[in-house]
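J.: Listed below, chain by chain, are the residues.
Protein chains: 4
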Amino acid sequence: MNNKRGFASDNNAGVHPDIMSSLQSVNEGHTVGYGGDSYTRQAIDILKKEFGASAEVFFVYNGTGANVIALQAMARPFEAVICAETAHINVDECGAPEKHSGCKLIDIPTKDGKLTPELIEPLLNGMGVEHHVQPKVISITQSTEMGTIYSLDEIETLCSFAHQRRLLVHMDGARISNAAAALNCSLADLSAKAGVDVLSFGGTKNGLMFGEAVIILNPELSHCVKYIRKQTAQLHSKMRYISSQFTAFLSNELWRKNALHANRMATLLATEAVKIDGVKITQEVQANGVFAIIPSAWIKKLQEHYFFYVWNANTSEVRWMTAFDTTEEDIRGFIRLLTTISKGEM
Amino acid sequence: MNNKRGFASDNNAGVHPDIMSSLQSVNEGHTVGYGGDSYTRQAIDILKKEFGASAEVFFVYNGTGANVIALQAMARPFEAVICAETAHINVDECGAPEKHSGCKLIDIPTKDGKLTPELIEPLLNGMGVEHHVQPKVISITQSTEMGTIYSLDEIETLCSFAHQRRLLVHMDGARISNAAAALNCSLADLSAKAGVDVLSFGGTKNGLMFGEAVIILNPELSHCVKYIRKQTAQLHSKMRYISSQFTAFLSNELWRKNALHANRMATLLATEAVKIDGVKITQEVQANGVFAIIPSAWIKKLQEHYFFYVWNANTSEVRWMTAFDTTEEDIRGFIRLLTTISKGEM
Amino acid sequence: MNNKRGFASDNNAGVHPDIMSSLQSVNEGHTVGYGGDSYTRQAIDILKKEFGASAEVFFVYNGTGANVIALQAMARPFEAVICAETAHINVDECGAPEKHSGCKLIDIPTKDGKLTPELIEPLLNGMGVEHHVQPKVISITQSTEMGTIYSLDEIETLCSFAHQRRLLVHMDGARISNAAAALNCSLADLSAKAGVDVLSFGGTKNGLMFGEAVIILNPELSHCVKYIRKQTAQLHSKMRYISSQFTAFLSNELWRKNALHANRMATLLATEAVKIDGVKITQEVQANGVFAIIPSAWIKKLQEHYFFYVWNANTSEVRWMTAFDTTEEDIRGFIRLLTTISKGEM
Amino acid sequence: MNNKRGFASDNNAGVHPDIMSSLQSVNEGHTVGYGGDSYTRQAIDILKKEFGASAEVFFVYNGTGANVIALQAMARPFEAVICAETAHINVDECGAPEKHSGCKLIDIPTKDGKLTPELIEPLLNGMGVEHHVQPKVISITQSTEMGTIYSLDEIETLCSFAHQRRLLVHMDGARISNAAAALNCSLADLSAKAGVDVLSFGGTKNGLMFGEAVIILNPELSHCVKYIRKQTAQLHSKMRYISSQFTAFLSNELWRKNALHANRMATLLATEAVKIDGVKITQEVQANGVFAIIPSAWIKKLQEHYFFYVWNANTSEVRWMTAFDTTEEDIRGFIRLLTTISKGEM
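Chains as they are written, first to last, in the numbering used here: chain A, 10 to 355; chain B, 10 to 355; chain C, 10 to 355; chain D, 10 to 355.
Honestly, I wouldn't trust all of these hints.
One copy or two, either will do: identical chains are not told apart, so a pair holds if it fits within one copy or between any two.
[Stated by the list, open to error] The calculated lysine-lysine pairs, modelled on DSS-like cross-linking and capped at a C-alpha distance of 30 Å, are:
#1 Lys58 x Lys266
#2 Lys309 x Lys284
#3 Lys13 x Lys57
#4 Lys235 x Lys13
#5 Lys235 x Lys284
#6 Lys284 x Lys13
#7 Lys310 x Lys266
#8 Lys57 x Lys309
#9 Lys13 x Lys310
#10 Lys235 x Lys309
#11 Lys13 x Lys58
#12 Lys352 x Lys57
#13 Lys57 x Lys289
#14 Lys120 x Lys57
#15 Lys352 x Lys202
Keep in mind the hints are simulated off the structure, nothing from the lab. Values in this document were obtained by computation on a predicted structure and should not be read as measured data.
If we strip away everything but chain A, and leave its shape as in the complex, we get:
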């Protein structure tokens, strides 16, 4: 079948060859199900090396699953989750966080998808008053849904702010690899070492077939996660086929290699696109997403050849995502088309 390439999402990409090989490599014989096998122990050991010995690892199917398990582990239904208005948990999970956790999400408008203590502070007035939900979790996305990145300082500041107020910090790391690659730091630097309590560690958007991991970094929160995972229908029976992917993902920093490439492609795309008259880049390009305002008449013409989504129809803002398998030729071809259209030649 003939499938258009494009910039719709990093999950439109395929599976990295090393990941495919890892699946094949464990496909023999019998193993205990549900994570009691040696492949899973190995993968967990590798992740513990990455995130610290006290980290507890729970493999799950997808990002929404990881997020709602994290939130259930962190908050009770009368507590609230503070997040950016653009957060995936707020707008792209069909209300799964509220449904699974029972919690209210309190969303905050931001200019770049990033929360700050100043934005959060005014929401904490109702603490201790039973008429109001009780803020308990600050959920941040790294890299954000707007393609921006929290610096290490910003994360540490938020975590410190949170812990002083008995709040917890959740990091939606569907694209944490892209952030760590951009900041040239380790995955733990961004999460465990910065004070994050629970991380949704993403794999699918960076070359895996399926599978994410909930990493419990605050040991007080781990004791009932195994039940929450099962009740949330996120415990895979043939677990070796998730574990082996993570083993490959962590080996030789495949995660970083893939992410660096995607990031570079986004930078290239933005660098070239901004030269074209009529294109305005709206967010700093720090990871693998490019947000741009272009004339609305161009959109349909571009979409005939490349997949991508309109982010805001009212402002004619579009989103272009790159992936581990985006090629320089993808970018060049797209820029050529964009240029042609911009000149009114199509």
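Assemble the complex: chain A is given as a structure, and chains B, C and D must be docked to it using the hints.
T.: Frame of chain A; chains B, C and D shown alone:
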């Protein structure tokens, strides 16, 4: 790594080679995510041919996910789900059905894991009375958790009984392939044609890597399932990797070939085991599970060499499951060990 | 015991003498529980005369109970409820709407607590897309939490807007009496006749001891409310003691008499307060609430003598609510104190 | 209106005159809402004297509300509540416990509505295994739905059994007064002193108009109950009208006086009824309920004159409840009618 073979569960088996190939075959280029791709359309078309043109197909990650989506599509929280006491939804899903649907499960003791109208009828007295949950769904498992099978007649009778009382029928078909293979009928014969309203169609226990399908057979129930699936965190982004497995699973009746083999292995195991003094087969062996009472002293010795679970420690009843990849040598070896132990030679 | 009078909330008032009498009047003999008694039939008949023969009436305990039952009757968990940022369901019910209904609340900042089609329209872009919750209910409060009132035209316009988009309209009528009194119209004019689908009809804030009513005005929504009420723990056993209050409340328009008085007291308070240097009334006073910004230093001094709440500590905005039992002397005394403080004499 | 007397339920009775007086006595002036008033402090103080200084008291509307708040305070959704098959939470609350707590209820058939360690022990095998819900709460009803009573020894034994296994004990005390009256002990003897962790303390079935109390006896469970109560829509605004009833209820042991009377009436009814040929008492009459099997032909004739419910239509078993306001003449009249019918004279 060295993994013991055994009879713990059909999900301890690996992935069938044809399924592995199908994953590789779709791993190139970009496709739209979340099921908007051509591979998924193809797989759905094949399933519609199997189950009828009005069937609606929703791929999900696992059996618990399929079941809780089915129940949410069929019942509101004040309604109840009637099931056998031994049903997977009742005892093996950590309360996921209650948590996701809000519904009470009303479980019925049975001798063989099978419900009958006579068992259900007495539970319908509170219909229309607001103090009591309102029975809405009869959930049956085919083949059952006890290794038994509903005949076509039995399913039709249950469905007819249900519909006359405005109830709906859910079939947990985690092992429907084994049942259809045993009855030498089609998957639709057992479900769509017999009057079942919603089917959880299992793949993982019969050779898939991951993935099940919710098949909505009653068209009145399908209109909001896509939202329920997403909110239940069961919508895969890289959907082609589930779809392609189902395409392979349905091609040349791979599902039947695998199931027939597993069933034959169970029959062989039971036939040979029953000859051994001290072994009592407790359920009719109709699919791929064998239930037996053996002297409790034997259990640990057997488990040193083969995985399997104790079903009931009080009665020393064990469960032996076979799979598509169980070999005749697996059975012979196990029988040899059993014989040796029975003679007190170990 | 010596209790301070004040303007904290209309629920700090006592029970109207006619309501107390009604409770005494039904306190003899036995009656069937849970609403099967003749007092309840009588009260329902009276409410049906008020709201229309097709209205279905469900008595409940309190306003939060009424609201969450209404929302459960109107929306499924993957659907969303649109409301003003200041809505009681959004900020004063400890997340009960999300917990009970599973739905996300999408809140909109407003200047006066009132929604308009223009504010709502931009939120409807995700209709039909499974990643996003599906807006289903517009919930408006009449009179609003800001003491303002929707005109009949405004309600009709909202309802028409909603129904054209297959949305439903819920009215939180905890203070609907105050609105109807202010607009000199009937309760039905504001609700049933304007197109509202479900009304939470308040009693407690206007002289009842306990008890509210969920009035289902859209007949398609009524068939399972009795189960929802019971499951929500809002079905009273000794129902005659709620019913009798409503019978008294509706007789001779006690609701209007009480509300008119409270409204007049608010107008008097605002009229006098605004004359005092340093007092700024921030919302139009249309019902029984007065919002004012006063110097923050005054607040504590005033609260030593009168109960009331600070609405916004940052802006030094306070809320003064009047009730059916607020006396002119309450107002005069408060104004005297306010004047004294404003002159720096305290 | 003319209302039949009868034995349908103790909630068909009216409100005790002392309770009515208490409502009138607090009906003046303004008080802070939601329990911040002096009447509520007084009532809580009295209850703390009754149940112990470390008891925490939360007034709510009704028994189902009390039970679901208790369960939410005690268990998380992946945990389970063990109860008798006949428990009110299991059969008479329209699935509210599952809906509010997310927990599975595991119900046990009993002969007399009473649980024992022997009945519970076999259900604890799955502890620590994530596939199975984790038993956390044992919920017992005192007096039971079958009119029987746990002795102090039996409660202590159950609590000790529970605590050794890290389980908690909930007591549904909708009729705890009847049990304490029958056992001639204090309310605390039956609950706090026997090791119960949380008590639903009933008022409505014993002379109150509305109102129950959740009594947290295990201090580790109290810290978030105020939020749970609010989110469960069980926090009354005009709290003084519940508090004052409890103050009257506890004063001069009105609860015991009322309960003793109801119990005596039940004993009288059973003593006289059993003399009639054709009447078989099926449960020991220990509190205020009488269960009897009578010829099915009698039922309709009796119900023409007296309300009561058929408990089991298949066995023709009926339930007769007495209340604080049942008169000896009620019993005599009923016995006369029963006698007449038994002789075939009607």
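J.: If a hint holds in the structure, say so; if it doesn't, say that too.
T.: Quick rundown of the hints versus the structure:
no., hint, verdict
1, Lys58 x Lys266, "within (19 Å within a copy, 43 Å between copies)"
2, Lys309 x Lys284, "within (21 Å within a copy, 60 Å between copies)"
3, Lys13 x Lys57, "between (39 Å within a copy, 26 Å between copies)"
4, Lys235 x Lys13, "between (40 Å within a copy, 25 Å between copies)"
5, Lys235 x Lys284, "neither (51 Å within a copy, 41 Å between copies)"
6, Lys284 x Lys13, "within (25 Å within a copy, 61 Å between copies)"
7, Lys310 x Lys266, "neither (33 Å within a copy, 48 Å between copies)"
8, Lys57 x Lys309, "neither (47 Å within a copy, 33 Å between copies)"
9, Lys13 x Lys310, "within (14 Å within a copy, 58 Å between copies)"
10, Lys235 x Lys309, "between (46 Å within a copy, 27 Å between copies)"
11, Lys13 x Lys58, "between (39 Å within a copy, 28 Å between copies)"
12, Lys352 x Lys57, "neither (54 Å within a copy, 47 Å between copies)"
13, Lys57 x Lys289, "neither (43 Å within a copy, 46 Å between copies)"
14, Lys120 x Lys57, "neither (35 Å within a copy, 47 Å between copies)"
15, Lys352 x Lys202, "neither (50 Å within a copy, 57 Å between copies)"
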